[in-house]
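Colleague: Each chain is listed here by its residues.
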Amino acid sequence: MNNKKEKQKNILQKILEILKTMASKPSGLIGLTILVFHVVLAITSPLYVPHDYKAIDPTLMLTPPSSEFWFGTDSLGRDVFTRTILGGRTALTVTFFGSLIALLWGGALGIFCGLVGGKTDDIVMRIIDAFLSIPWILAMLLIVSLLGTTTLVLIPALGFFYGKGIVRVARAATHDVIAKDFIVSARARGHSNFSIIWNEILPNVRDAIMVEGAMRWSWMLLGFSSLSFLGFGVSPPTPDWGLMISNARGLMSFAYWAVLAPIFGLSTLIIGINLTADAFAKALGIDRSTKAPV
Amino acid sequence: MKTSVQEIKDLTIGFQSQKGEQISILKNISTTINKGETVGIVGESGSGKSTLALAMMGYVKHGLFTISGQCMFHSNNLLEMKNKELETIRGRKIAMIPQNAGQSLTPNLKIGYQIDEALKLHTDLKKEDRDKKISELLNKVRLPSPDTMAQRYPHELSGGQQQRVAVAMALAGSPELLLLDEPTTGLDVTTQAHVLELLNFIAKDTDTSMVYVSHDLGAIAQVSDRVIVMYSGEIVLDGPVRSILKNPIHPYTYGLLKSIPKLTLPGLPNSMSGSQPQPGSIKSGCSFYERCEFSDDNCKIKTPTLEYINDLNTYVRCFKHKELTNQNDLNSQTVKSIENKILKNEILDLSNVSISYAKQKFLEQLFNKIEDNNPTVKDIDININKGETLALVGESGSGKSTILKSIAGLLKTKDGIIKFEKDKVLSNDLKERDNSYLRAIQLIFQNPDESLNPNHTVEEIISQPLRLYFGLKGQELKNKIIEVLDKVRLGEFYLTRYPRQLSGGEKQRVAVARAFAAKPDIILCDEVTSALDVSVQAAVLNLLQELKEDFGTTYVFVSHDLAVVRAISDRVAVLYQGRLCEIGPSKNVYKFPSHPYTEVLLGAVLEPDPDIKPKLVAEDIVEEKPPENGCSFQGRCPRILGDICKNEVPPWQTSESGNLIRCHIKIDDLKNQQSLN
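Chains as they are written, first to last, in the working numbering: chain L, 1 to 294; chain A, 1 to 677.
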């Protein structure tokens with residue numbers, strides 16, 4: 001039991017150390033700050049929203065920013081500020097769990113293919129290649145129109161489509177360690193494939209996969225917002241940045257505020273995640289600039 | 001009066017630590033390289049020898065900087081020159097030959113083109129003259145048919161030939177000073193001897209000054225006029241090669257020479273304890289104090305200076321050098337002779353084993369057969385007795401590691417049977433082998449950096465076999481791990497360390513501990529000492545021998561180093577191109593008569609003694625494939641008889657002392673021929 005506690009303490013220490021290294025550079029610090037701000041905002045925003053996000057008031061249609069409505073109102077007279085601070089909630093939740101699923105299945109399949117090699121690897125990778133060649137948005141639209149736009153459909157679907165890339169990264173990372181003698185040694189001892197993956201390979205490829213997962217998160221966020229923009233993501237009246245941009249873009253020439261606020265929210269979040277992922281990679285000793293993304 | 005080419009004055013190079021301290025890698029180095037002189041710089045890894053060699057070219061690695069001192073080439077201080085100015089010196093006046101020629105040549109440019117580039121840069125010759133010069137240079141480094149050679153790509157050449165091309169490129173600018181960073185490490189013994197002989201010839205022929213950097217005292221002994229021994233960033237000994245190697249008056253050199261296994265002295269060499277101190281950890285006193293067997297309290301407080309000894313023409317950094325002047329026991333050293341209790345029952349029996357790397361064709365896959373008339377390894381018949389150490393010796397490509405992998409079940413055999421304890425046939429497929437057989441055969445690898453998982457602690461590494469084979473858990477597991485660690489002389493505090501926090505020797509000890517944790521009957525050792533420094537090598541060999549005596553384990557020991565094999569093995573099997581040439585008790589194999597290939601190998605061994613020159617009997621051609629018919633060694637054999645060697649597989653013959661030799665030449669004839677040399 002003592003051992004376990006010590007281990008937990010070690011892990012905690014390691015995480016703190018990584019965070020410290022990440023924050024030691026300006027880009028990492030900025031990225032982390034933005035990300036933390038967005039996450040905190042998404043969790044706590046319902047507690048202090050100034051207005052009701054779905055209260056429609058035709059008399060207040062497209063009012064410019066004022067002390068009452070900080071970011072103005074949209075075409076239905078709803079408060080843009082309220083909708084903006086609430087608008088990241090669905091996107092963040094869906095994509096967070098989506099990238100977690102992508103990470104899990106992509107990582108597991110990638111490591112497995114890298115380890116077993118041979119025909120199994122060939123067949124699986126060709127299937128992955130085939131999926132990679134299909135524009136994801138087409139396939140997503142098909143799934144969404146068949147099964148509906150509930151989060152229970154969106155999370156696994158996004159997780160599946162964004163996991164394909166992770167398979168390739170995990171497989172390549174596995175190939176880096178598979179030729180090392182400690183794997184040969186484990187094989188010669190007679191360990192099972194599962195034990196080799198869990199004990200010998202995973203600790204060595206974990207970092208690469210986690211960084212890739214963080215990167216995929218920002219891509220998925222963009223993807224999810226695109227879906228909402230096209231009307232296949234979040235259903236109204238739930239506030240969502242993609243949907244807000246889509247609704248307000250026609251009125252951009254005279255009511256810029258309604259489109260500017262969600263754009264600001266979306267772009268800062270994506271930049272924040274990207275900067276954090278880069279800093280995370282550098283803190284773990286993986287330099288993404290030397291490795292081309294697959 | 002000799003003219004000096006390079007003069008290094010009080011050079012200190014170091015780096016800034018995270019705490020802001022200046023830590024020196026090189027400390028107050030002063031030395032002079034004279035014209036036409038060949039200087040060997042020796043030291044173990046981390047002694048600063050490569051940093052010194054680079055500084056001689058005016059290059060300081062990123063992160064390091066010159067703290068004080070100068071590096072004068074004629075009247076210029078290289079360390080203060082601008083890059084533009086250095087360009088006129090590098091290549092033209094000072095050239096460098098890197099360690100791994102295969103990696104230093106551009107793979108997609110022809111050899112001739114690459115030498116031409118060097119000529120364009122460093123000489124003012126015209127195109128026609130350059131072409132002439134290219135074949136002249138290739139001729140000089142003794143590459144056959146220079147004109148066709150110039151049209152080849154680097155991968156079409158063997159390792160030795162690539163190294164020759166690197167030499168030719170370095171000579172393109174006819175430099176005054178040639179720096180060689182471990183020029184022969186990684187080459188086969190016979191190739192190494194040939195390359196060194198060539199470099200020796202070039203040095204004398206062109207009157208070029210050469211600086212060899214190497215950890216191999218054997219190679220240094222063959223080529224240098226003067227030797228500089230480095231330890232922990234300092235010069236500890238500097239003098240003529242004979243006085244340094246025959247009468248080393250510094251305890252470090254003395255210990256180093258004693259820890260090298262020699263062909264003439266059977267048995268295990270003495271090992272030096274401890275390891276080189278971390279840079280910056282020694283504040284006062286002698287840096288060798290911790291490991292020195294001659295030290296006293298004075299050595300701990302006072303720092304010795306480099307002192308000139310007139311009789312020996314040598315500089316030495318030691319208070320106690322007088323005590324060592326009369327120590328003349330280098331060649332009569334007390335080596336531990338190995339005594340293994342060998343039981344006459346076979347523990348492992350390889351009969352008629354052939355292994356092929358050929359890819360199965362579609363039809364063969366269906367019938368699960370391999371059609372290959374000329375497999376990489378063919379007809380291996382070896383019996384190994386319990387408690388014995390059998391060594392497999394040969395150059396790269398001789399199939400020795402391939403055989404080990406097959407025994408371990410990592411590689412399928414094409415034909416033949418491997419039996420364990422007389423009657424238990426070991427399956428060809430690792431997955432079909434019983435767990436108890438897997439436990440009985442353990443592997444130790446060449447490079448502990450690769451064989452230990454970098455993300456596991458020592459505890460996790462050693463727990464793997466214990467959990468797998470014995471199902472140990474919790475406190476019981478931990479106790480067992482501590483017990484195993486103790487056997488390889490590592491304390492309990494190593495449990496939480498990661499491999500990167502250990503020295504090379506400690507890592508290999510952990511690898512040994514992991515193998516022994518399984519309580520194996522047989523341990524397969526694949527070049528276990530070749531990645532280690534000599535003093536560490538001796539310690540690991542001693543450890544393996546002690547563990548063997550305790551547990552009665554059987555070793556199959558693969559090595560290319562005949563002297564190491566001589567020290568540790570009971571029986572030796574010599575392999576060439578995957579075929580057995582000779583097998584017998586090790587004391588007989590090292591005596592004549594022997595198979596012509598063994599003779600070539602033995603002749604090429606470099607002893608750390610300038611008076612024992614290697615005998616170069618055969619050409620160092622590299623054959624890519626074993627010949628389909630006849631004797632495997634026909635392509636390089638200096639004693640080839642004629643068509644019989646090309647057409648018929650030679651028979652096994654037993655010599656009077658009991659070793660088996662596979663050769664067409666009659667034993668008595670072999671004996672007569674070999675005794676003539």
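Honestly, the hints are just simulated from the structure, not real lab data. What you are looking at is a predicted structure, and each value in this text was computed from that prediction instead of being measured. Keep in mind that a hint or two might mislead.
Simulated pairs of lysine-lysine, DSS-like, Cα-Cα distance not exceeding 27 Å [unchecked claim]:
no.: 1; chain 1: A; residue 1: K300; chain 2: L; residue 2: K20
no.: 2; chain 1: L; residue 1: K119; chain 2: A; residue 2: K283
no.: 3; chain 1: A; residue 1: K61; chain 2: L; residue 2: K282
no.: 4; chain 1: A; residue 1: K300; chain 2: A; residue 2: K320
no.: 5; chain 1: A; residue 1: K110; chain 2: A; residue 2: K625
no.: 6; chain 1: L; residue 1: K14; chain 2: A; residue 2: K478
no.: 7; chain 1: L; residue 1: K25; chain 2: A; residue 2: K127
no.: 8; chain 1: A; residue 1: K431; chain 2: L; residue 2: K180
no.: 9; chain 1: A; residue 1: K204; chain 2: A; residue 2: K405
no.: 10; chain 1: L; residue 1: K14; chain 2: A; residue 2: K424
no.: 11; chain 1: A; residue 1: K405; chain 2: L; residue 2: K180
no.: 12; chain 1: A; residue 1: K615; chain 2: A; residue 2: K587
no.: 13; chain 1: A; residue 1: K519; chain 2: L; residue 2: K180
no.: 14; chain 1: A; residue 1: K480; chain 2: A; residue 2: K587
no.: 15; chain 1: A; residue 1: K35; chain 2: A; residue 2: K613
no.: 16; chain 1: L; residue 1: K180; chain 2: A; residue 2: K359
no.: 17; chain 1: L; residue 1: K14; chain 2: A; residue 2: K473
no.: 18; chain 1: L; residue 1: K7; chain 2: A; residue 2: K480
no.: 19; chain 1: A; residue 1: K120; chain 2: A; residue 2: K246
no.: 20; chain 1: L; residue 1: K9; chain 2: A; residue 2: K478
no.: 21; chain 1: A; residue 1: K93; chain 2: A; residue 2: K133
no.: 22; chain 1: L; residue 1: K7; chain 2: A; residue 2: K405
no.: 23; chain 1: L; residue 1: K7; chain 2: A; residue 2: K478
no.: 24; chain 1: A; residue 1: K127; chain 2: L; residue 2: K119
no.: 25; chain 1: L; residue 1: K180; chain 2: A; residue 2: K412
no.: 26; chain 1: A; residue 1: K344; chain 2: A; residue 2: K283
no.: 27; chain 1: A; residue 1: K127; chain 2: A; residue 2: K110
no.: 28; chain 1: L; residue 1: K9; chain 2: A; residue 2: K480
no.: 29; chain 1: A; residue 1: K424; chain 2: A; residue 2: K344
no.: 30; chain 1: L; residue 1: K119; chain 2: A; residue 2: K405
no.: 31; chain 1: L; residue 1: K25; chain 2: A; residue 2: K19
no.: 32; chain 1: L; residue 1: K9; chain 2: A; residue 2: K473
no.: 33; chain 1: L; residue 1: K282; chain 2: A; residue 2: K480
no.: 34; chain 1: L; residue 1: K119; chain 2: A; residue 2: K431
Colleague: Has the given pair, K7/L with K480/A, been kept, meaning a C-alpha gap of at most 27 Å?
Modeller: Roughly 20 Å between the alpha carbons, so the hint for K7/L and K480/A holds.
Colleague: Between K14/L and K478/A, is the straight-line Cα distance small enough, at 27 Å or below?
Modeller: Holds - the C-alpha atoms of K478/A and K14/L are around 24 Å apart, at most 27 Å.
Colleague: For the pair supplied as a hint, K9/L and K478/A, is the alpha-carbon distance within the 27 Å limit?
Modeller: holds, 20 Å
Colleague: Does the alpha-carbon distance linking K180/L and K412/A stay inside the 27 Å limit?
Modeller: holds, 19 Å
Colleague: Check whether the Cα positions of K119/L and K283/A lie no farther apart than 27 Å.
Modeller: Roughly 60 Å separates the two Cα atoms, so the pair is violated.
Colleague: With a cut-off of 27 Å on the C-alpha distance, tell me whether K61/A and K282/L pass.
Modeller: holds, 23 Å
Colleague: Under the criterion that the straight-line Cα-Cα distance not exceed 27 Å, is the pair K25/L, K19/A satisfied?
Modeller: holds, 19 Å
Colleague: Hey, K300/A versus K320/A, does the alpha-carbon distance stay inside 27 Å?
Modeller: OK: K300/A and K320/A at ~13 Å, within 27 Å.
Colleague: CA of K480/A to CA of K587/A, is that 27 Å or under?
Modeller: violated, 38 Å
Colleague: Does K480/A lie within 27 Å of K282/L when you go C-alpha to C-alpha?
Modeller: violated, 39 Å
Colleague: Does K119/L pair with K431/A here, judged by a C-alpha cut-off of 27 Å?
Modeller: holds, 18 Å
Colleague: Do the alpha carbons of K9/L and K473/A lie within 27 Å of each other, as the hint requires?
Modeller: Holds. K9/L to K473/A sits at ~21 Å (cutoff 27 Å).
Against the hints set out earlier in the document, violations occur for numbers 1, 2, 7, 9, 10, 14, 19, 22, 24, 26, 33.
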